[in-house]
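2 protein chains.
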Amino acid sequence: MQEIKPIQVAQFGLGPIGLESLKLAATKSWLEVIGGVDLAADKVGRDLADLTGEPALRGRRVFETLAALLAVGKPDVVLHTSVSKFAAAALQLEPIIRLGISVVSSCEELVCPAFRDAALAARLDALCQQHGARVFGTGVNPGFVMDVLPVVLSGVSRTVHRISVQRVVNASTRRGPLQRKIGSGWSPAEFERRFSEGEAGHAGLKDSIALIAHGLGWSLDGITETGRAMVAERDIRTDHVEVRQGQCCGLHQLGIGTRAGESVITLEIKMYLDAPNPHDAIQLEGEPPLRVLIEGGVAGDQATVAALVNAIPRVLKARPGLLLATDIALPCFV
Amino acid sequence: MQEIKPIQVAQFGLGPIGLESLKLAATKSWLEVIGGVDLAADKVGRDLADLTGEPALRGRRVFETLAALLAVGKPDVVLHTSVSKFAAAALQLEPIIRLGISVVSSCEELVCPAFRDAALAARLDALCQQHGARVFGTGVNPGFVMDVLPVVLSGVSRTVHRISVQRVVNASTRRGPLQRKIGSGWSPAEFERRFSEGEAGHAGLKDSIALIAHGLGWSLDGITETGRAMVAERDIRTDHVEVRQGQCCGLHQLGIGTRAGESVITLEIKMYLDAPNPHDAIQLEGEPPLRVLIEGGVAGDQATVAALVNAIPRVLKARPGLLLATDIALPCFV
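If you read the sequences in order, they're chains A and B.
Here the working numbering is used: position 281 in the first sequence is 281, and no number is missing along the way.
Here the working numbering is used: position 326 in the second sequence is 660, and no number is missing along the way.
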């Protein structure tokens, strides 16, 4: 009989995704949750079983800092679900890395951090190697549907000229914060203003393009992104929001990567209330041509926490460093 | 300016797949073909440019053995495209491994060799580690559509209960040897007799099931496989074969993996002449449910050589050993 000690995990960030990650982690016999970290005054000191409704987490508490959590044990890995920006994540991750603790993060800009800040990425990579830590950003989008999956499909390509992905999400089936983040109930002009200021919209489209280009070794001229409002054709009411005809009911974002003057990567996402026919579609133009359809699309929230938790064993097996999906073993349910 | 020496490659086996691999390898600036190995008297000594019609290969010759080829240089990697059985491949690979040379192989039983012979797989793995060589079996099927792709999709699954894949191939669009291998023109009874004797049919269905189960950590009760003839409803003539109504025009194979008495992996392949609506379809039952359709299917021959050549860089970066798709970085066009 082989006895394997479960991987010790701490949850950093106890928002909706963090709590869902904890619930999933609690079901895995190969994982042991030792505690959570969150600054929020209404969470510090609380029991994770009460916060998640998951009895298996009874006795695991929320600490204000990782340093405080160390009193109950040193995790092998931190599930990091708190911010979208690489720069903000780096500030939180540096002390974790210095402890030699690895990180799996939902931070959108960590799927291809060198695209956002090459110098910072190189510095964190060196720090990881120095301390024997691994840092990996993943999720469903970015992190899977619009980047990893097209890259995997290119593995059977003799040639690839162009990659396109379309993702249509029915936001009515998603959580409240997301329904608000896509601009439900704003005027279309307000959505577009906030989008241009980086305060609304889907995070990670450019990062997906950068990851595809990195995987295929394509040196891009640049990456552009536009965001427009989807306008409600009739009044819409969900459990979380109310939208009148003519108001914004979601977003239509288009990201384009160009190479030698040509659009070679085109990612398009429509995420809006009551969207009919949600799906993901991937096309690789090349030899052979590939046309892939995911009926209904990959469900965002459920699949995101699955991507995080499933990544843990293969991240821990990889070499230390700031890792990309193309550096580690392929995604797999664990 | 960075000068990188191209990866030196030798082609072992100069059948149709081997020649196609060479043609693709000749287009890659990061690869340099140094020669070929084949026992056939009508190939030994010939120029690869003449055999493939690819002028870039002029001056590269066919040797009767790898030992003879070493006179022109030691390859970093051998593309091995000669046999379907693990035991036969192992005999050819052992001397290559002992030279510390890595191998990417189209041998169907190498996608999950421990399923065929666990002791032999362990011995080869140890030999690889001893000599710093990597051996990896890949292709489109087995090696991608019916195994690697479902495993990758499971990476965003909270739970998976059952995996099914259906592949329908229009054999009229494929090469002559394949049209014959699927039994075109035989009586249905003859196909079924030859299938049961292991002399006809698609190789690798059980191996795909074993690879999925390995990836997901599922311990199977067993794997069963059945093969039936597809019967021509009218006379069919292709460039390579002639089939009369009532004769066999292809195959219908079904592989099932059971776990705790339940069918948890079901792979079904129909490969026959004039098959309408060729496609690959993958379903994961679980949370979230996933239904993926590849319109037209992944073209077998073109994509198989792409899978082989694209695997080279990530195999050379992996740790020495007898490697599975779940051990190395994810598939990617290079």
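For the record, the hints were derived by calculation from the structure and aren't laboratory data.
Everything numeric in this text was worked out from a predicted model, so none of it was measured.
Glycine included, C-beta positions come from ideal geometry on N, C-alpha and C.
Incorrect hints may appear among the rest.
[To be verified] Partial chain B-side listing against chain A, Cβ under 8 Å, derived: (1) Gly393; (2) Ala640; (3) Ala641; (4) Pro665; (5) Phe667.
[To be verified] To give an idea of the chain A side of the interface with chain B (calculated C-beta under 10 Å), a few residues: (6) Val160; (7) Ser164; (8) Gln302; (9) Val305; (10) Ala306.
A quick look at each hint next to the structure:
| no. | hint | verdict |
| --- | --- | --- |
| 1 | Gly393 | violated (24 Å) |
| 2 | Ala640 | holds (4 Å) |
| 3 | Ala641 | holds (5 Å) |
| 4 | Pro665 | holds (2 Å) |
| 5 | Phe667 | holds (4 Å) |
| 6 | Val160 | holds (5 Å) |
| 7 | Ser164 | violated (14 Å) |
| 8 | Gln302 | holds (5 Å) |
| 9 | Val305 | holds (7 Å) |
| 10 | Ala306 | holds (4 Å) |
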